[in-house]
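With chain A's structure known, arrange chain B on it following the hints.
Order-wise, the sequence lines are chains A and B. Residue numbers for the first sequence follow the numbering used here, beginning at 21 and rising by one. Residue numbers for the second sequence follow the numbering used here, beginning at 21 and rising by one.
Since the hints were made in silico from the structure, they are not lab data. Source: prediction; values computed, not measured. Careful, some of the hints might be misleading.
Just so you know, same-sequence chains aren't split out, so a pair can sit in one copy or run between any two.
[As the list claims (entries may be wrong)] Subject to a maximum C-alpha distance of 30 Å in a straight line, what follows is the list of computed BS3-like cross-link-like pairs (lysine-lysine): (1) Lys224 / Lys284; (2) Lys170 / Lys76; (3) Lys506 / Lys522; (4) Lys224 / Lys270; (5) Lys461 / Lys517; (6) Lys64 / Lys415; (7) Lys76 / Lys164; (8) Lys385 / Lys320; (9) Lys415 / Lys76; (10) Lys224 / Lys385; (11) Lys224 / Lys324.
Protein chains: 2
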Amino acid sequence: MKIRTLYAGGRGILRPGATSCNVSGVRTSSNTGPELPPCSHVPKNVTFPTYDEMLKTRSTKLNPAYMTFYRKPLYITQGHMQYLYDNTGKRYLDFFAGIVTVSVGHCHPRVSAALRDQLDTLWHTTNVYMHPKIHEYAERLTEKLPEPLKCVYFVNSGTEANDMAMMMARLYTGNHELLSFRNSYHGMSMATMGITGQGTWKYKLPGINMNVHNIMNPDPYRGIYGGNKCRDSPVQVLGRDCDCAGGQCKAEEGYLEQLEEVLKYSTQTGLPAGKNIAGFFAESIQGNGGAMQYPKGYLKRAFKRVRELGGVCISDEVQTGFGRTGEHYWGFQGHDVVPDIVTMAKGIGNGFPIGAVVTTPEIAKVMTRANHFNTYGGNPLASAVGIAVLDAIEKDECQKVSEDIGTYLLGELAKFRGQFECIGDVRGKGLMIGVEMVNDKASRVPLAAEKMINVWEDCRDMGLLLGKGGINGNIFRIKPPMCITKEDADFALSVFKLALEKNGA
Amino acid sequence: MKIRTLYAGGRGILRPGATSCNVSGVRTSSNTGPELPPCSHVPKNVTFPTYDEMLKTRSTKLNPAYMTFYRKPLYITQGHMQYLYDNTGKRYLDFFAGIVTVSVGHCHPRVSAALRDQLDTLWHTTNVYMHPKIHEYAERLTEKLPEPLKCVYFVNSGTEANDMAMMMARLYTGNHELLSFRNSYHGMSMATMGITGQGTWKYKLPGINMNVHNIMNPDPYRGIYGGNKCRDSPVQVLGRDCDCAGGQCKAEEGYLEQLEEVLKYSTQTGLPAGKNIAGFFAESIQGNGGAMQYPKGYLKRAFKRVRELGGVCISDEVQTGFGRTGEHYWGFQGHDVVPDIVTMAKGIGNGFPIGAVVTTPEIAKVMTRANHFNTYGGNPLASAVGIAVLDAIEKDECQKVSEDIGTYLLGELAKFRGQFECIGDVRGKGLMIGVEMVNDKASRVPLAAEKMINVWEDCRDMGLLLGKGGINGNIFRIKPPMCITKEDADFALSVFKLALEKNGA
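In isolation and in its complexed conformation, chain A is listed as follows (with noise of 0.2 Å):
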């Protein structure tokens, strides 16, 4: 039996063949560890298929494309707010919240109930009628956003969401020439495979990176520009001293440098016009790509530059938006920026299919230059689900959850780092938090997949759920549902804690 798992392979290398195991034979689940706080929600009893039909399923009619976490996949039966149950029962925190898409918890009784009541009243119907709820949910997104960004089209993805961003951002302009960073990720459709700018998520197809330009990224970790002031974050613990005071920031001028390399030899903008950029893609952090934050500086600036060439910009708030880095509602409130486009997706549907794009009235306008259809886009379920979820994150202060147990984590972690040579890098805003993994501090070569996945499995086995990503497969994730407690978070640290020793990390 074969299930394919996502590796951490090392140096970014793809390696189908590592990823094949051998079901029976692997480590089975301990109890030993740390205790999960208390919870008094009691699972539903629910009947599915053994774990050996689930796989056969898997081997036989899933496309092999389907990634899976551990070397033995989970298998999750059931959720309740930031705990899930696998298939003997026991229960996980769950700090990865599907890759960051439930925001506000597992069937959160909010939005289960706004479901359970509209499933009875009405489905769809497409919008060439009128129907209420998307409208409801259209005047309460977009009183999220500041002004000009007042017009919304709702989709059914991030894909599909940074699709159409791209679109709107070169009919607007009438410019071709769009720009995003490497270690970014847009999407999967073949449009956003371009602006994606990670070589393990493009296929070889013809165009994917037409008049696509995946820039360098200004991460101050890895980068080659960097020090201990760049970033917008309770905790500077990178390992680069610098020697910047007042505000200035060198890695910031560095990056944004190599930003004019790139516009000065690969575009257009040499021309008499000089306004040939369409548009310029930034996720506010880097959600795939491990938590990476820029120099808090750059993308006010970067805009500014993409601006003076005739270009929008766009907001990629997929995994940042809908109160994830805590101080904000959305991720590019941090940069002092008001982008062109907004696009979102995962939290706003606690794990509803819904995308949006949130615009100005201007850019909206071209799409009508020719005919534009989305036959689910803004469904009254969606909409009924996603008004919920707003009401869910005010209610529950989910922002005000995410930035102090955000930070409080931030900074329980950051001293983690002082004891563990293996940590080489926390990072994040929020509940939106890296931590990179590697050999040692002073190389910063990543942690061999081994012990990486080592560490990442005895942290399963003792109940506790973390993400992994970054195109090296060596920065856990930490993004849970909004509603985590204190206790939560102690038990994720002393887990983690034990985690590291016992692996001697």
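Just chain B now, kept in the frame of chain A:
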């Protein structure tokens, strides 16, 4: 207040200028006309914004690309099986099913129950963990398909499905050239906009048609070849006689010659290898294009030819799948072919956002050549709904309803064609029906937009919602939920006839 309506444009020209309307001063619904079949369902008490509030939101918060049907757009607030209710409580027979999406009925009890049950269990984890539902669904869905089509990747829309199928075809064959029909519709991402063969649905963007050929549409009614024996339909009333006999079809030959022209002049098939085609996309019956059917032997021979040239054949079953065509579960079965890739959406989820790409294990494997991911695809909610839709189709005998009621409708509509000069063509299979409206039978000039709209609006006023499509906006599309009764059909026929008479058509 401006509302963008999907107007019947003459000659396929999109005229945004003609699409605004004054909301006051339009006709109001009349209650004259045939009686809707009785329905024991008691509508819910639901609250919603007033019509004017909703319009205000629409004009300020929603992207102006949202197009609506009718001069005064309908405001739908709830639905039950084949019926919809507007903001005044008026009931309508839904003969368009949210664009062929509500397959088994609005808020179908079995499908609603499945969603209700799942929403307290698990919404989402992504597929980095295993969860039961996607496996149960993969088993059930692939059961419905012939060998070797047994390997599924779940996505969120038809656009995502076709975008992925484009990738698979190119990766598997190592070729770039894709073929699709003029008058086809395959989605709205930057890539699928290329294979979509309708200029009104293509933005002026770089590269969207790259390595794509929209080949001549083998349309027996409006194309250069056609006769009264071409189609796989219970009715052959297109008004073009032919002397074909004994299984011979000159139209089929003619259109295949035209395909050969493209292969010869526009692709690289002349090179030594002679195998330079990546793939060929075909809806089994064109949906957006107006229930357009090809000469019945065409697709089988085209598939054979494309395969000779190294390409794979993709059936877009977004509209024709799941029993819609009556005689078969899949539209491609009506062409006696087994495609290499099948794309699905719409009816698959009865309104829930689901898409899928089913292919052979051999082709599926190409997706492992890079990382690939889809956050929501195959999530537990979607999978639970998808399974329930398969069950409902079976238990409610939807395929039989499609065949019986569809054939009845086609027969009666064919009679109307004899009575009304403005009905140029009646075509389709099962509950996938097109009625092409013309100025007069001899010229086949599309019916003037004003007249078309008047008939359509009068049907609406009498409680019947018809679809509309085709690049000239002159085709009524009849694709109701597959739970309609003979009484519903009779009501619809009476209403349509009255509307035609009233407008002197």
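We went through each hint and held it up to the structure:
1. Lys224 / Lys284: both (27 Å within a copy, 26 Å between copies)
2. Lys170 / Lys76: So Lys170 and Lys76 pass the 30 Å test across copies only (13 Å; inside, 48 Å).
3. Lys506 / Lys522: This pair counts as within: shortest intra-copy Cα distance 24 Å, inter-copy 71 Å.
4. Lys224 / Lys270: neither (37 Å within a copy, 41 Å between copies)
5. Lys461 / Lys517: So Lys461 and Lys517 pass the 30 Å test inside one copy only (18 Å; across, 80 Å).
6. Lys64 / Lys415: both (26 Å within a copy, 28 Å between copies)
7. Lys76 / Lys164: Intra 46 Å, inter 18 Å, cutoff 30 Å: inter-copy only.
8. Lys385 / Lys320: For Lys385 and Lys320, only the intra-copy Cα distance (26 Å) is at most 30 Å; the inter-copy one is 43 Å.
9. Lys415 / Lys76: Result: close only across copies, 27 Å inter versus 43 Å intra.
10. Lys224 / Lys385: The answer is between: 14 Å across copies meets 30 Å, while 34 Å in one copy does not.
11. Lys224 / Lys324: between (34 Å within a copy, 27 Å between copies)
Comparing the model with each earlier hint shows a violation of hint 4 alone; every other hint is respected.
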